[in-house]
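This is what each chain is made of:
Number of protein chains: 4
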Amino acid sequence: MQQLEQYRSCLEACNACADYCDMCSVACLQEDNVKMMADCIRNNMDCAAICRVAAAYMARNSKYAKQMSALCAKICQACADECGKHDHDHCQECAKACQRCADECLKMAA
Amino acid sequence: MQQLEQYRSCLEACNACADYCDMCSVACLQEDNVKMMADCIRNNMDCAAICRVAAAYMARNSKYAKQMSALCAKICQACADECGKHDHDHCQECAKACQRCADECLKMAA
Amino acid sequence: MQQLEQYRSCLEACNACADYCDMCSVACLQEDNVKMMADCIRNNMDCAAICRVAAAYMARNSKYAKQMSALCAKICQACADECGKHDHDHCQECAKACQRCADECLKMAA
Amino acid sequence: MQQLEQYRSCLEACNACADYCDMCSVACLQEDNVKMMADCIRNNMDCAAICRVAAAYMARNSKYAKQMSALCAKICQACADECGKHDHDHCQECAKACQRCADECLKMAA
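Chains as they are written, first to last, in numbering that gives the first Met the number 0: chain H, 0 to 109; chain G, 0 to 109; chain D, 0 to 109; chain S, 0 to 109.
Where chains are identical, the list cannot tell them apart; a pair therefore holds if satisfied intra-copy or between any two copies.
Mimicking DSSO-like on lysine-lysine, the simulated pairs with C-alpha atoms at most 30 Å apart in a straight line are:
id, residue 1, residue 2
1, Lys65, Lys34
2, Lys34, Lys62
3, Lys84, Lys62
4, Lys95, Lys65
Since the hints were made in silico from the structure, they are not lab data. These figures come from a predicted structure and were not determined experimentally.
One chain only, chain H, in its complex shape:
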C-alpha cells in the first residue's frame, strides 16, 4: 500500500518501540529493586501510549502526523535516556528501540 509505504520505517519503529516499552514496564516491575525503576516505568507508559497513537496518525496520513511525531520523538528520547541508565537487558533493548524511534520520528517531523 502506497499509503503505508511512505511511513513504513517510522511506523515500524513506533510499533516496535511501543512493544518494547510495554514489555519493559512489566519487566521492571519484576526486578528486585522496583523503587529504582519507577521513573523508567513511568517513561515506558508514556512512551508506549504516544507511539501507538503516532502509528495510528501516520497510518491514517493525518494532517497532524508530523506534529504528533515531533512530540513522540521527545518522549522516545527521554525514555531512551532513562532506560539507557539501567543495566537490565530489557532496559538496554528498550533503550535501543526508543532511540531508533526517536530518530525516525524526528526525520518524519522535519
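The hints should help you fit chains G, D and S onto chain H, whose structure is shown.
Chains G, D and S only, in chain H's frame:
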C-alpha cells in the same frame, strides 16, 4: 527479549493489522462511493483499536492477553470478511492483514 | 445526543475508572513498598487500557460494544479486587471506581 | 484524589470530547452525504485518539502532560472548527465539546 519472543508472531500481526485498518479507514473515506464503505470504516475503527490494545497486553504478558486475543480474533475476522467484499486495493490488502491477525489471535487465545 | 445517552452511565464509569487506574498506577510507584504494589500496577495498566477502548466502542455504538463491555467487566472486577486489598487512599478510591465500572459494564453486556 | 483534582476540569473535558468525537464519526457515516463529512470524520478520529491519551497523561501526572495538552488543544480546535461548519446536531454538539476541550487544554498547557 524472551518476553516479546513468545508473542512475536501475533504481536506483529496485531501491529500490522492496526496499521492496515487505520490506513483503510481513511482510504475508504476518499472513495467516490463513501456511503457503500460505511460498514467497512466502522469495522476498521473497531479493529485498529482492539489490535493496538491486544498488542499492549501481549507485550506486557498480561494475565488477560488470551481473553483479549480471543475477542480480537472475532473483530479481526469480521473486518476481514467486510473488507474482503470490496475490490479496492486498500480493502483487499487490509482483508489479508485482518485475516492473518484473526488466525494468529485465535492460536494465541487457545 | 441520543447516541451517547443510551450508554451515558456506563461511558462515564469507564472514563472515570480509566482515570483512577492511571492515577493509581503512578501513585503505587511512589509508595515505599513498590514491590508489593506490582500486581496492582499491572492490573491498573490493563484496566485503564480496556476502559478507554470500551468507552470508544460505546460512543461509536459499535456492534462489539457488548462483547467489549463483558471483557471490560472482568478486568475491572479483577482490578477492584486487587486494589481493594491495599489500604492506600488511591487504591481504595480506585477500587470503588473499578467496582462501579465492573457493575455498569456487566449491565451493558447483558 | 488530590492527584486527579488538579486536572479534574481538563480531564473531564478530554473524556467528554473523545466520546463526542467517537459518536460524531459514526453519526457522520450515517448521513446521506457522507462524502461531505469525510474531513469531519478524519478530524473526529484524530481528536478522539489524542483526547484519550491526554487524559491518561494527566491522570498519571506525566512530565509530558502539558506538552500533550498543547498538541491536544490544536487538534481539538481544528475539530471544533470543522464540526462547527456542519448543521447536523451531532456535529454542533461535538463542536461544543471540542471547543471546551481546546480551551481547557490550552489553560492546562500554559
